[in-house]
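If you want the building blocks of each chain, they are given just below.
Protein chains: 2
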Amino acid sequence: MGKLLVLTVLITIIGIATWCALPMLLPESPPQLDANEWWGPMDTKGKVDASIKPFQVKFTEEIIKDLKNRLQNKRQLVPPLEGIGFEYGFNSKEIEPWAKYWSEEYKFGDREKFFNKFPQYKTNIQGLNIHFIRVKPQVQPGVTVVPLLLMHGWPGSVREFYEAIPLLTKPVSGYDFAFEVIVPSLPGYGFSDATVRPGLGSAQIGVIFKNLMNRLGHKKFYIQGGDWGAIIASQMATMFQNDILGMHSNMLIVQTGCSTLKTIAGAFFPSLIVESHLADRMYPLWKYFSYLMEEFGYMHLQATKPDTVGVALSDSPTGLLSYILEKFSTWTRFEHRTLVNGGLTFRFSKDQLIDNLMVYWASNSITTSMRLYAENMSNKNRALGIDKFSTSVPTWALQAKNELFYQPPNILRHKYSNLLGVTVLDDGGHFIAFEMPKVFADDVFKAVKLFRDFHKTKTEL
Amino acid sequence: MGKLLVLTVLITIIGIATWCALPMLLPESPPQLDANEWWGPMDTKGKVDASIKPFQVKFTEEIIKDLKNRLQNKRQLVPPLEGIGFEYGFNSKEIEPWAKYWSEEYKFGDREKFFNKFPQYKTNIQGLNIHFIRVKPQVQPGVTVVPLLLMHGWPGSVREFYEAIPLLTKPVSGYDFAFEVIVPSLPGYGFSDATVRPGLGSAQIGVIFKNLMNRLGHKKFYIQGGDWGAIIASQMATMFQNDILGMHSNMLIVQTGCSTLKTIAGAFFPSLIVESHLADRMYPLWKYFSYLMEEFGYMHLQATKPDTVGVALSDSPTGLLSYILEKFSTWTRFEHRTLVNGGLTFRFSKDQLIDNLMVYWASNSITTSMRLYAENMSNKNRALGIDKFSTSVPTWALQAKNELFYQPPNILRHKYSNLLGVTVLDDGGHFIAFEMPKVFADDVFKAVKLFRDFHKTKTEL
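Quick mapping for you: the protein sequence lines, in order, are chains A and B. For the first sequence, the positions run 1 to 461 when the UniProt record's numbering is used. For the second sequence, the positions run 1 to 461 when the UniProt record's numbering is used.
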């Protein structure tokens with residue numbers, strides 16, 4: 001029996017190794033997407049200018065009046081079930097205080113000023129007016145300015161980076177560089193236009209953002225992302241391996257047959273896959289699947305019927321609030337599900353969270369933001385198979401304790417062959433730049449220093 | 001090789017037969033639920049009266065004014081993507097005409113009268129005031145009146161049966177009986193109270209409805225259901241085999257290891273499982289799974305976060321409309337997904353569909369209606385395992401062409417040992433009583449005649 005076990009383990013290991021080596025036999029370069037694909041109305045094609053226009057966030061009197069009216073006239077809600085916190089979703093007892101704060105205490109004028117503290121622009125790329133923040137640092141001679149693209153996800157926005165931007169754009173002792181940050185709103189999110197036709201998934205957004213960076217004069221640049229931003233970053237790093245200087249991701253994941261196989265094998269032999277003190281971030285698998293079932297209904301719905309649920313979320317500010325803030329509760333700390341207030345102000349202020357809601361509400365973009373799930377899961381975009389190709393772009397992962405997924409370096413390296421390392425945090429959640437801006441900015445500095453050293457070493461060799 | 005294939009098939013058949021015989025070895029009776037479990041506030045326990053009080057549907061001036069105001073002030077919607085019908089969900093171009101009809105042409109007074117054309121009552125059962133329609137037929141001597149409980153599902157209501165009720169409650173030539181129909185609103189749906197604590201799933205609703213029938217003087221009775229109504233009916237027929245005289249279901253399903261195994265085996269050898277002209281209702285399996293993925297996001301969300309999405313749907317009538325009517329489009333004809341108008345008025349009038357919306361809107365019950373998904377999929381309720389037990393209650397299935405699921409008699413008989421037969425329709429969808437009331441009522445008569453014959457034969461033996 002002992003021999004049989006050894007044989008089984010051996011065969012398993014050889015099987016996984018073979019499977020995982022297969023992608024190496026694939027053609028090296030992933031599919032090339034059309035760099036000029038037009039996402040605006042067809043009659044605007046060739047007629048839009050490529051200038052960069054200053055932009056300011058504006059909460060109009062009309063929007064504010066209508067919003068307050070809706071908040072004050074919100075419909076009576078059924079009480080939560082006895083003894084329930086956030087286990088059935090957003091606790092309806094908490095709607096009243098949030099609606100009151102939003103309509104009576106949230107200072108729209110001050111917050112508008114806050115939003116405009118950074119220079120913002122719009123420029124038309126492939127038919128869509130893309131909104132972005134651009135902050136250049138003031139540096140002494142000897143300090144290099146390096147361009148960094150910061151990408152948000154759903155249900156976040158550029159607002160997630162407001163606390164981190166000042167930390168990234170001023171020189172830090174010990175580093176001979178500082179960042180020029182470019183922070184775009186994803187197409188269909190906030191102040192960026194939405195596509196008018198199907199097909200605009202994360203890979204196509206990657207093309208748009210590369211065009212944006214090129215237009216701003218950056219042929220080569222660093223990228224950072226979380227949530228959709230992390231997916232887009234990963235695909236940019238795969239499609240544009242010569243242009244992306246390095247990728248920092250706070251949700252780095254691999255989704256291939258090999259990663260799945262390794263994950264399953266690790267359920268039986270965890271020590272083959274993951275360091276013992278991190279095993280509980282992956283295993284037991286049943287706990288992970290139960291978590292997926294419990295927490296990913298929104299994804300299932302948004303990937304299939306975004307326009308249906310979008311009607312209600314566009315029309316009801318309390319509806320939008322509950323739908324979005326539920327994610328800021330559970331994705332920050334899973335255990336906040338049991339709290340009546342969802343632990344929302346554990347790390348965020350009410351103003352911070354409502355700022356982010358205002359991006360969706362004022363731009364009326366919740367429906368178009370949710371369509372990204374449908375596009376990414378369409379047969380056509382899945383068939384591109386970009387995730388199957390590996391990338392040599394130097395990569396760093398920031399792994400917060402409460403992130404939605406965890407994969408260890410030995411799985412990640414299958415795709416990210418130059419994963420220089422990971423920062424494993426014993427704190428923090430999904431919206432890490434928003435939640436812990438100092439930790440986030442420090443990690444980005446650390447990673448980019450390593451990326452720069454990596455390139456220098458390569459040049460020297 | 002030929003011998004090996006025969007051997008494989010033989011082993012498969014023996015395997016399935018063994019697996020499917022296993023439940024016969026289980027204890028015969030399913031778990032007994034507490035017939036007096038209290039679902040109302042604890043301080044009302046023992047203090048409510050058991051009388052039956054007349055009830056009338058009332059659309060108050062206040063509700064109508066508020067509703068019209070919301071419909072007229074609905075927020076501007078983003079247009080659908082180019083070339084898209086209902087594939088991303090409810091087409092936003094269709095919201096405007098529906099909202100206009102609801103607020104300007106729907107005659108609230110007339111519709112209220114329509115709702116009250118049948119006698120309605122409320123009575124408190126286990127702490128909840130349960131609303132029901134009760135219509136007794138006028139019959140000649142020699143015609144027997146038999147009690148029939150009709151049960152709706154989500155996102156339907158008692159309104160689904162309004163066209164069928166008159167057909168069921170008058171004598172039909174060729175039959176020596178007519179029905180007294182009792183049509184309750186499910187707890188948490190429409191005009192029935194919602195539970196105040198977790199745990200009230202379909203089996204517990206079955207207990208409440210049995211108590212309701214007993215209170216109305218019916219110790220033994222027939223049952224009919226679709227959607228949740230079909231699930232409740234199946235569980236009632238399993239738990240109360242001596243009291244249920246017969247079950248007519250328009251969504252009869254079995255969910256056991258055996259049924260799954262047979263379904264999978266049928267993917268390879270369809271002729272073992274299903275008649276060839278019906279095979280395309282089950283196979284190919286990938287098409288079925290893709291359909292599940294595409295159409296069951298709502299279920300995933302409602303089973304996990306009903307309270308979150310409930311906030312928006314309670315607050316926005318256009319949101320409620322799109323969320324509910326999407327189902328009346330796709331569940332009536334799957335291919336209506338490609339139509340800009342969703343084919344909604346293909347078989348239903350606008351008034352019919354808005355009537356059903358009014359049941360949810362006026363009672364503000366969308367959130368509590370969706371909680372049923374969470375309750376039924378809770379670990380506690382799944383552990384009851386009622387579906388695993390078979391029932392000897394005589395059963396008949398009406399199988400509409402466009403029903404969400406199809407299972408052939410040889411799978412159904414595993415649970416419903418006295419399945420007397422099925423009616424296979426080449427027309428119709430999920431809301432069959434609402435869509436084709438005459439076909440529905442005729443089939444119920446036909447089935448109950450067979451149930452009565454079945455009992456007579458049994459008595460004679």
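Calculated from the structure, these hints are not laboratory results. One or more of the hints may lead you astray.
Claimed, not checked - Short derived list, chain B residues pointing at chain A, Cβ under 8 angstroms:
| no. | residue |
| --- | --- |
| 1 | Ala50 |
| 2 | Gln72 |
| 3 | Arg75 |
| 4 | His300 |
| 5 | Val311 |
Stated by the list, open to error - Simulated crosslink set (DMTMM-like; lysine to aspartate or glutamate; CA at most 20 angstroms straight-line):
| no. | chain 1 | residue 1 | chain 2 | residue 2 |
| --- | --- | --- | --- | --- |
| 6 | A | Lys74 | B | Glu82 |
| 7 | A | Lys401 | A | Asp243 |
| 8 | A | Lys45 | B | Asp66 |
What the hints assert, rightly or not - Covered stretches of chain B (chain A as the covering partner; in silico rule of three or more C-beta atoms under 8 angstroms from a C-beta of chain A):
| no. | stretch |
| --- | --- |
| 9 | 104-113 |
| 10 | 441-454 |
Quantities reported herein were computed from a predicted structural model and do not represent experimental measurements. Cβ coordinates follow ideal geometry from the N, Cα and C atoms, glycine included.
Practice problem: Would you settle whether the hint for Arg75 (chain B) is holds or violated, based on the nearest Cβ-Cβ distance to chain A being less than 8 angstroms? | Solution: holds, 5 angstroms
Self-check item: When the least beta-carbon distance from Gln72 (chain B) to chain A is tested against 8 angstroms, hint result
Solution: violated, 12 angstroms
Exercise. Have a go at the Val311 (chain B) hint: is there a Cβ in chain A nearer than 8 angstroms to its own Cβ?
Key: Check passed: Cβ of Val311 (chain B) comes within 4 angstroms of chain A, closer than 8 angstroms.
Exercise. Given the hint that Lys401 (chain A) pairs with Asp243 (chain A), test it: the Cα-Cα distance must not exceed 20 angstroms.
Key: Violated, at roughly 31 angstroms.
Quiz prompt | Agreement of Lys45 (chain A) and Asp66 (chain B) with the hint, judged by alpha carbon distance not exceeding 20 angstroms | solution = Roughly 45 angstroms between the alpha carbons, so the hint for Lys45 (chain A) and Asp66 (chain B) is violated.
Exercise. Answer holds if the nearest beta-carbon of chain A is closer than 8 angstroms to that of Ala50 (chain B); otherwise answer violated.
Key: Violated - the Cβ of Ala50 (chain B) stays beyond 8 angstroms from chain A, reaching only about 24 angstroms at its closest.
Quiz item: Would you say the stretch 104-113 of chain B counts as covered by chain A, given the rule of at least 3 residues with C-beta under 8 angstroms?
Solution: violated (count 0)
Quiz item: Does His300 (chain B) pass the interface check with chain A, least Cβ-Cβ distance below 8 angstroms?
Solution: holds, 4 angstroms
Quiz item: Between Lys74 (chain A) and Glu82 (chain B), does the CA-CA distance stay at or below 20 angstroms?
Solution: Answer violated: Lys74 (chain A) to Glu82 (chain B) is near 33 angstroms, above 20 angstroms.
Quiz prompt | Outcome, coverage hint (the stretch 441-454 of chain B, chain A; C-beta under 8 angstroms; three residues) | solution = That given contact is violated, which follows from only 0 residues of the stretch 441-454 of chain B lying within Cβ reach (below 8 angstroms) of chain A.
In summary, the structure is inconsistent with hints 1, 2, 6, 7, 8, 9 and 10 from the numbered list given earlier, while agreeing with the others.
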